[in-house]
Amino acid sequence: MKILILGGGPGGYVSAIKAAQLGARVTLVEKKYIGGTCLNVGCIPTKVLLNTTDLYHTIKKDGEKIGIKAEDLSVDWQKLMERKTNITQSLVGGVEGVLASYGVEVIFGEGKFISKNQIEVLKDDDTKDTVDFDKAIIASGSKPVILPIPGIHGENILTSSQILSLEKLPESLCIVGGGVIGCEFASIFSRLGVKVTIIEMLPGIIQNMDQEVVQYLDFELRNVGVEILTNSKVEKFNPTSQGVEVTASTPEGEKKIKTEKVLLSIGRKAVVDNIGLEDIGIQFDRTIKVNKKFQTNISNIYAIGDCTGGVMLAHAASAQGMAAVENIMKNISRMDFKTVPYCVYTKPEVASVGLTEEQVKEKGIDYSVGKFPLMSNAKSLILGETEGMVKFIVDNSTDEILGMHMAGPKATELIVEGALALRLEATIDEILTTIHAHPTVGEALHEAAHGVHGYPIHLPKEI
Amino acid sequence: MGQLLVMPKLGLTMTEGTIVEWFKKEGEEVKKGEKIFAVETSKLTNEVEAPAGGILRKIIHKDGKLQVLEPVGILAGADEDISDLISKAGSGKVKVDENQEVKEIDAKVEKEKPETSSKRIKASPKAKRLAKELGVNLSKVEGTGPGGAISEQDVENYQAEEKPKVKTSPTAKKVAENLGVDINKIEKSERIMKDDVVGYKNFQMLKEMADPKETREKMTNMRSVISERMSQSQKTSAGVNYNLTVDTREMKRLRDKLKPIKKITYTDIIVKVVSRVLLEFPILNSSVEGNEIIKRNYTNVGVAVALDEGLIVPVVKYANIKGLKTISEDIKELAEKARTNTLQPDEMTGGTFTVSNLGMFNIESFTPIINQPEVAILGINTIKETAVNVNGEVKFIPMMTLSLTADHRVVDGSVAAQFLNRLKEFIENPNILML
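Top line first, the protein sequences correspond to chains G and A. As numbered in the numbering used here, the first sequence has no gaps in its residue numbers, which increase by one up to the final residue, 463. As numbered in the numbering used here, the second sequence has no gaps in its residue numbers, which increase by one up to the final residue, 1435.
Keep in mind that the hints were calculated from the coordinates and are not lab data. Please note that a few of the clues may not be correct.
[Said to hold, decoys possible] In the DSS-like style, the derived pairs of lysine-lysine whose C-alpha atoms are separated by at most 25 angstroms in a straight line are:
#1 G:LYS363 to A:LYS1173
#2 A:LYS1167 to G:LYS330
#3 G:LYS338 to A:LYS1167
#4 A:LYS1188 to G:LYS330
#5 G:LYS112 to G:LYS293
#6 G:LYS338 to A:LYS1201
#7 A:LYS1188 to G:LYS338
[To be verified] Computed list of chain A residues with no C-beta within reach of chain G, every gap over 12 angstroms:
#8 THR1015
#9 ALA1149
#10 LEU1179
#11 ASP1182
#12 ILE1192
#13 LYS1332
[Unchecked claim] Beta-carbon label-pair distances, calculated as ranges:
#14 A:MET1209 to G:LEU420: 35 to 43 angstroms
#15 G:ILE298 to A:MET1209: 41 to 49 angstroms
#16 G:GLN21 to A:GLU1187: 27 to 35 angstroms
#17 A:ALA1149 to G:HIS458: 55 to 63 angstroms
#18 G:ASN297 to A:VAL1166: 38 to 46 angstroms
This structure is a prediction, so every number in the text was calculated from the model and none was measured. Glycine residues also receive a C-beta, built at the ideal position from the N, C-alpha and C atoms.
Take the sequences, apply the hints, and build the full model.
Following this line, the structure appears as structure tokens:
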């Protein structure tokens, strides 16, 4: 079995390793860098910035309170950029090492299908290679959406990839789009002292997650000085000597925002161009169409991850990649999208798995909710991060856990308990009868579970 | 305290057993755990041990087949009054907690594993005790200790493997409770999830609504003969099916012209034609016996007659020398006899070729099964007004398809095709019969 994988991101490289583990001969074609957007200009580098931001901001804001005296505290942007590069390089090197250990052949260049069993790769040195395969997995990923707004191609208007390579911190930043990516950058830059404005078309930030937990983020962002304009739309960008003037229509009328840089985080779109899809008749419109086994209409060619639309998350792409490989090698599919967690790496962190309260209502399910505010959680108090809550949503007919939502410290780590509960079809009773360590933020999950049919221990009696 | 000895239930499926031997006589002293009598079932022989010490006061059944839990004897103290137990025994089966009785004690398996039964089973004392506690048959346990001895761990492992495990998600369990589903009845090798329970319940409800019932009845003699012959024929012959469509206008004209003189049917005409054409193609009128082919200078044409309970094939004997009138009368008489069950054996045997007509049921073509030991059968179908291109003009002509099955062991395709074409020639121009 010879498997070709197009794209070396978290969907593609995981597929390659899995396929090699199951005994396939694997060739991976990657245009630019192993690890894709995630490792190089996405998840990983942003979290490096976030980590420094957290440390800096905590000491700056709460230093005296927590007993750390620091004079002339400042962020060395150059050093931070160096560390970012070092970490991504080390991770990329690690993945390359694993690929090599499994004998995966990696070809750098632009791949384009020329038949159902052949791909042509235009390599960096302008020579061409043709690779034959029995099965292929397309993992071409996604790229930022650029809307046709006047002036959008101006030099100070950046995508998420470009903003990660700024030479210095800007004075001000206007973020277009208040989704996950926009909010993460807002949380980083605002705490590094940059004046941040978010312009969001919808009524609030991060509209696809449970709004009760998202409100903690909304509050905290405003608290550190982020201006959030909702129900607002950018009309045009005008270059100025200091940067850009953004014209937005808001419910309060037209507004002009002068800013040094603009970040576009409107969304991401599948990469479907110039890879030969139309030449060999693979069906796609904005995304590549696949069935439950991740097969395209051409049965020996599969597609996974962002290029198929749906849930555009690195861990979803990896899971899809492994499921596609298992379908190829063992003809079994094991992808359950309901356990895909959604994580927002901000302060506070926001994480979610399963159905939101809004979705449960819409479906007409008879449900109960258990909540616990982190204000009453010891570890959160120690961490100085009590802004947040845990929330379980439970089906009343069976007590099955339908969703877990959290805002607060470690939310992105703790969400795995909810994901596992969903995978196992656990009822709230399983959370209740699981002993949670003390003192941890995780205890708040246990407390919230108590709140479903009874009362949390560490909350005063309701009157 | 006196007690009744009963026929033990040695396995979940055991319903009765046979007493083959008493090791103790009436009045003899028995110690607890001593062998007291032997029981044989269809699967195994087992020696029953005394549940307590005492005197074997009475043997109720010396031998013979008994239902499970039926009293076989009385064990009591030497001077104890056992009249109560005797009267209890008289009333038949004793109510005993069945589960308690379902124990497989060191059963000697006769049929399942003869090679191990003859060998002495090596097991540690602890393993033996545990096996007894758990009701594990040591002869089935594979020993991993020194010299293949069975350890305590081996018994535990065996028990763990044998126990049916139903892994379910907690929600699935709740859903099962809510829906009143016995989760153990769901068959799945992986963990049972809530969708499995819902699916099972839906199927149960569907089944309830459909209320499926099956009945079983013995085949009539006729049905078993048909059943036997048809499957035999399929095994014996190498049947090939051929279809050819013929114009029936001339055949109809013949029938209509004869009507005032003699009412005849299309079947009559076709039997007449067949018995004539068969003489030109003796291989279709033959039989195979061993590696010999039997050919004839006569044709006995069977005509299948449908009855309520099956079908029967009376035979028009020597049809080749009979006129259309005689053939018609023969068929009519044989069919009548068939319906009134008055056919003589020789009227149903000796056929050399069979004709079967399903035209009255609007059948357009079918693949009849050869009536052994013949080598071919002709199926007659319905007559249908069919659009036919006649010299560039569309005409509707009453057409009929002839469906021939011929045994390729002796009848090759070209021969069968020629035979059908010859039939067509005759049917489309019955005047040839005059030649």
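Results for each hint:
Distance check on the hinted pair: LYS363 (chain G) and LYS1173 (chain A) sit about 23 angstroms apart at the alpha-carbon level, within 25 angstroms; holds. For the hint linking LYS1167 (chain A) to LYS330 (chain G), the alpha-carbon distance of about 23 angstroms falls within 25 angstroms, and the restraint holds. Taking the CA atoms of LYS338 (chain G) and LYS1167 (chain A), the gap is near 21 angstroms; set against the 25 angstroms cutoff, the hint holds. Between the alpha carbons of LYS1188 (chain A) and LYS330 (chain G) the distance comes to roughly 19 angstroms, so the proposed pair stays at or under 25 angstroms and holds.
For the given pair, LYS112 (chain G) sits about 23 angstroms from LYS293 (chain G) by alpha-carbon distance, which is consistent with the 25 angstroms threshold. The hinted pair formed by LYS338 (chain G) and LYS1201 (chain A) meets the criterion: a straight-line CA distance of about 23 angstroms does not exceed 25 angstroms. About 22 angstroms separates the Cα atoms of LYS1188 (chain A) and LYS338 (chain G), which keeps this hinted pair within 25 angstroms; it holds. Distance check on THR1015 (chain A): its Cβ is at least 40 angstroms (rounded) from any Cβ of chain G, clearing the 12 angstroms threshold; non-interface status holds.
Against chain G, the non-interface label of ALA1149 (chain A) holds: every CB pair exceeds 12 angstroms, the least being about 40 angstroms. In this structure LEU1179 (chain A) is not separated from chain G by more than 12 angstroms, as the shortest Cβ-Cβ distance comes to only about 10 angstroms. Look at ASP1182 (chain A): its CB is around 17 angstroms from the nearest CB on chain G, clear of 12 angstroms, so calling it non-interface holds up. Residue placement check: ILE1192 (chain A) does not keep its beta carbon more than 12 angstroms from all beta carbons of chain G (closest about 9 angstroms).
Residue-level check passed: LYS1332 (chain A) sits 63 angstroms from the nearest beta carbon of chain G, beyond 12 angstroms. About 38 angstroms separates the C-beta atoms of MET1209 (chain A) and LEU420 (chain G), a value consistent with the hinted range of 35 to 43 angstroms. Look at ILE298 (chain G) against MET1209 (chain A): about 43 angstroms separates their beta carbons, and that is inside 41 to 49 angstroms. Take GLN21 (chain G) and GLU1187 (chain A): their Cβ atoms lie about 31 angstroms apart, and the range 27 to 35 angstroms holds.
The supplied range of 55 to 63 angstroms is met by ALA1149 (chain A) and HIS458 (chain G), whose beta-carbon atoms lie about 57 angstroms from each other. A beta carbon spacing of about 40 angstroms between ASN297 (chain G) and VAL1166 (chain A) agrees with the range 38 to 46 angstroms that was offered as a hint.
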